[in-house]
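> We have chain A; now place chains B and C onto it with these hints.
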Amino acid sequence: MITFKLNGKTVQGDGGEYILPVAQRNGVEIPTLCHHKVLEPAGMCRLCTVELFDGRRSRFVTSCNYPIWEGMEVKTDSARVRQGRKLIVEMLLARCPDVPVLKRLGTEYGVEEPRFKKGDDDCILCGLCTRICERVGASAISLTGRGLEMEVSTPFGEKTDVCLACGACASVCPTGHINMDVVREKHAAHEVELIASEYDMGLKGRKPIYIPYAQAIPNTPAIDRSKCVHFKTGGCKICEEACGVKAIDHTQQDEILELNVGAVVLAPGFKPFDPSKYVTYQYSKHPNVMTSMEFERILSASGPTMGHLVRMSDHKEPKKIAWLQCVGSRDMNRCDHPYCSSVCCMYAIKEASIAKEHAGSDLDCAIFFMDMRTHGKDFERYYDAAREKHGVRFIRSRVHSIEPNAGGDDLVLRYATEKGEQVEETFDMVVLSIGLEISEEIKGLAEKLGINLTEGGFCNTSSFTPVATNKEGIYVCGAFQGPKDIPQSVIEASSAAAEAGALLSEARNTLTRAKEDIKERDIRGERPRIGVFVCHCGINIGSIVDVKGVRDYAKTLPYVEYVADNLYSCSQDTQDAMTQVIKANDLNRIVVAACTPKTHEPLFQETLVNAGLNRYLFEMTNIRNQDSWVHKDEPEKATEKAKDLVRMAVAKAALIESLQEAQLSVNQKAMVIGGGISGMTAARSLSRQGYQVCLVERSGELGGQALNLFQTWKGEKVGAELDALIRSVKSDSRIDLRLGSEIENVEGFVGSFKTSLSSKSGKDTVEHGVTVIATGASEYKPTEYLYGKDPRVVTHLELDRKFKDDDPALKDVKTAVFIQCVGSREPERPYCSRVCCTHSIESALHIKEINPDASVYVLYRDIRTYGEREYLYRKARAKGVIFVRFALDKKPCVSATPEGLSVVVEDHILGRDIAIRADMLALASAIVPYKDEKLAQFFKVPMNEDGFFVEAHAKLGPSEFSTDGVFLCGLAHYPKPIDESVAHAQAASSRAVRLLARKNISVSGTVAQTNPLYCSSCGICVSICPYSAPHFIEKGPFTGRAEINPVLCKGCGLCVASCRSGAINLKGFGTDQIMAMINEM
Amino acid sequence: MLEYTKKIQEIAGRLLSEGKVEVFIGYAKGTVPMMNHPVVIRDSAKAETLVWDSHCGLNLCNYLTKMKGKIGIVANGCNSRNIVTHILENQITREQLYIVGIPCEGMVDHRAVKRAVGNRELEEVIEEGDTLVVKGRGFREIIKKTDVLQRNCAVCTHRNPVIYDEMLGPPVEEQTGVDQFKDVRMIEEMTPEKKWGFFTRTIAKCIRCYACRNACPLCYCPTCFVDESRPQWVGKSNDPTDTMTFHILRAYHCAGRCTDCGACERVCPVGIPVRQFTKKLNKDALEFFSWEAGLAIDQRPALDTYKPNDYNEFIR
Amino acid sequence: MNDWQPKITTFLCHWCSYGAADLAGVSRFQYPPNFRIIRVPCSGRISPKFILAALRHGADAVWVSG
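Protein chains in written order, with my numbering: chain A, 1 to 1081; chain B, 1 to 316; chain C, 1 to 66.
Isolated chain A (complex conformation):
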């Protein structure tokens, strides 16, 4: 260690260090243009000249490359230094009069106009570029020529292969002499290529070291070997030096791991279709034609335009945007993808609605489509709102080509309207709603695994085992199983987990390890002794916020007994040290000022537990994400903010207490309500995973709606499969079957429900830990189209019955008509029943099978044969089934005549009525829920305005309720076909097993608690809690006052805020704690 004087202050540095870095470390600024911390100093710019006193005399040295020695005295900003520097600046400015950084220096050193002859260069020959080029291992450029002719160049000024066009030179050039254009024009024989960010769909660049996207897990940077210059030259490795914890190892190799597993779940996803092959759409040529995935990034606040809606060619805000549907879907000619991708209609509507939200209502959005397929839950309402409320235009037309507007960046679409008129319309931007496809790589994987694929390249599964592949033990979920949206993917994921869980149920808990139990210190009665740890987070916080200053400030705060600053608070060694510090100093509250509690709170809480403290004696404050990262230009204010945040956290910490986590044992039995396909499947799945199930069915038989169904869209006969399922349920010793039973009452909550059942044979109470609601739905009985008045008019379930019975009368049907959307997509039932289009087409085909000469008409509004069901639609058209579209306001008219039924409908192509004489009319009647209010109240679960139950989260929680311990599947959630019902049932069982398998649940300590002395019994908490946690005390001195069940409480604090009497407090976010923070602000 060498000690010397810097501007009169005694400082220290290591032997061999130069003056400049030591000065910088001590907060002394010395101007320099040619210094870079990873490069050997060269003393080229001379700006860092300082005055050195060696005990005898003063002289000038360049601080960047003058080594320190014991006892020297350095002055960095004396009058003589300034004067000398002024001359250097003046000369540099004379050489390069227009370089901004020199102009700034000129102002600082009082050089208004150099006295020397002005040049017109912008290179100061600092050599940073040549040194970095050498360092990265390329050595493509150097300082060539002599004297006045010296310049940075490649040998002989030729473009060279040696230059990798990596851009390192441009990144260090202080004057802007070298930028990527210069590299492209002068140096590199290669093309300069920006690295496209995969996440931003290539709309933005990224570095060779990168985190794929902000929420990536693990959130650790990776080195792109194909771009990293080290892997090309063997040089560079600058990152290794920059990394404070030496985490980078360029020698790491790929590893092959062999795992021994009992089941495999395939979830490889899909590949967005590449529309380049649609040459008439100009995608690869025109920047304003983009894919829907790219457009998603444009709408995203973290995207390349920060959510600002602009088009790519000129960054102008578009006024008109068109979406073209079915690009790469429902198309044989240009892409060989006859299937429907299922999700594009909905995402296009979403994108259009959000675009209008971002850009204002004067943005014109037009969606060009063939059939609008909004068959998901609440999707039809969204479609209606987009059309009627937001004014999105929907144009039923397949656009052939996109023509660039001559002389502009606009795009011209020519299309035919429904009336058959040709229209030409100009748009600022066109979005291609690209479909989903399975990549060749995944197809290759399937081949290796010996898995059968469908015609469309998706994994082949049966309707009754929708996530099982043909190989036992290999399951599938998500888009590889068939094109689908998020909720269905989430359902299948749970379903695949249930199937794997059933297969491996015997192995459950055989590989678990028990955690060491550390005794918790009782801190009651102790004065708060707070430890504050302030994190540098490498340079993330430390380079902006004065961490040591914050640490010292924290020491002055009340109750703070210990302070420390850590380079990385989250590293294992710091955690171990913290444990020791807590024990050694008897600390009883810990504050960590670092990153975000959202990711790191559990880690620190674990450290507290290891140190014998209750995990809730912890408070974290965010001085990285919400401070240093967002105020990097205002370091002083950021430091002030960090101090404030620490003060607030300490104020809160002084008031925090140990919290207990309520333990709850989970009754190991499940109850499934409903004995249809969903209920039976859920019961079987739970039983196969080793749990007792009580299956309750109100009718006298099992089977539900499936009893009426003839076959699935894949042609499987429902009857045989259903019989097998019923038999397996009846013979299952773990399933306690209760037919003809109604639910009378339900008490209790997650883990311990008590349900009273009544049946003919009497009343009974069943105790169970979880509940699956699978109560199904029924068929709408139409009042329209002569239904019930003429025997030739039947619903589609009634027609299935005829198919099942092999009704001989079917052979005589010469003309059959199907009418779609009977009772669905109507003002009083504004949802799509999802299954009817496929069902009718399959029935139409069956009639054609029975009697190939029969005429079959399907009158529809939009055909919604989503996914690979589209093949059925194609087949029907090929077999001669005639499809006639009608509008909601022009429904078909049905009348009975002696010769048969007369169905009159306007043909939209002819624009004229056509009359069909039919022997049979099948109505695709809606699926209507039971609206079981009583059941909803028993289990405290919500229902939507249509009467379907409302799941916990429309996308991510489709199989459970927000009420703990209650799960949902089948038609009670929304209309769905058998394959989706089976998957949903297995998903519900999988979610239920998550609870059952734990046997005990410990709930968070952050729950609300009442003080009955303050309670005024007003009941607001009981009324507003979405989780039914508060209830009135039923006996004792506080009868009628409110009390909160910690097991049900989610800790949101809604009741606390609504309690006028101040009787409720939220542990962990106490009123006094929040007030303390407000007071300290």
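Misleading hints may appear alongside valid ones.
[What the hints assert, rightly or not] Using C-beta positions, here's what the derived DEER-type ranges look like:
1. B/T191 to A/L87: 57 to 63 angstroms
2. A/V423 to C/P6: 49 to 55 angstroms
3. B/Q96 to A/N1079: 41 to 47 angstroms
4. B/R201 to A/D1072: 29 to 35 angstroms
5. B/E127 to A/D1072: 50 to 56 angstroms
6. B/F198 to A/I486: 48 to 54 angstroms
7. B/R201 to A/I217: 56 to 62 angstroms
8. A/Q937 to B/G177: 41 to 47 angstroms
[Claimed, not checked] Mimicking BS3-like on lysine-lysine, the simulated pairs with C-alpha atoms at most 27 angstroms apart in a straight line are:
9. B/K307 to A/K754
10. A/K781 to A/K814
11. B/K307 to A/K934
12. A/K1050 to B/K307
13. B/K195 to C/K7
14. A/K632 to C/K7
15. B/K68 to A/K1035
16. B/K307 to A/K389
17. A/K890 to A/K781
Hints in this document: simulated from the structure, not taken from any laboratory. Given the structure is predicted, the values throughout are model-derived calculations rather than measurements. Quick reminder that beta carbons are idealized off the backbone N, C-alpha and C, glycines included.
For chains B and C alone, kept in the frame of chain A given last:
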């Protein structure tokens, strides 16, 4: 009016003597003109102390909170709505109550009467039909009742009881076309600075006696936030910031519950129009949630329901 | 305008807005350092009393987000 007094006395006597109620809550004549006070009687013989006239502006519902046993009570429109709110908030049960409904034509504002006679000392105020005969030393003046109505009564749209066991007379015609929120809109239209000035002036006289809170049937918490010390929501002095905090928080606690009975304003010893705070919230409750407090016994109040499928988009 | 700077008290819901504020950091969005954030488990936790308390303690504005 007089015949209502008679009827109340008869009913109260009957109910008490028959043992149908244990207590009867009504109004008795005050010792000072226009200052009727609440009275709780247990003995049928005392029924004759009960009166009903245009000076019954205090809210009797205040006395129902957590009462035990059977209770008889008189209730006009606003008082009956407070009874409904009390039932919804578990402060009393419907079964405990025998409600004697009174169609109401509004209460007079004692301050307005005094102003009408030039703030001279009043000795007697006699009610005769639509007029008041006001007597004092050396003067006798006749005032039209409608000219001196309490401001809340002048814009009242619920004069008839919404809940009762017995009505004293035919319902009165409800006022239509009154502009309930004219004053609130006027304040809403002010600039923030003007608003601040307005409210600062409004509460400048406040002595923090909490009479408004005590007169209000909605304020029944065991410990009021103003009395709480951990945390201390509001300082105890009459520092303007603390006073403002008190008035705003009091109003918030009444949001969606206030029936605009006017008791708070009536009892304010320094004459602060405290209803200006609560009325704004009444207006919001009506405009955002179509909610007026205490109209139906089977509906949860606007601010204490939670439905994931609420029809209001801004909540979902 | 003069160089008066407002002091803003911010209540952010742990599950959404607090995460959004984190993400703003991850994305290195720069914004003025005028507010101090209090994390709450849900915006439903916010009582009007907190808002008034913040104003009483000198906040020029209060922002509740969730």
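> Of all the hints numbered above, which does this structure not satisfy? Sort the numbers upward.
none
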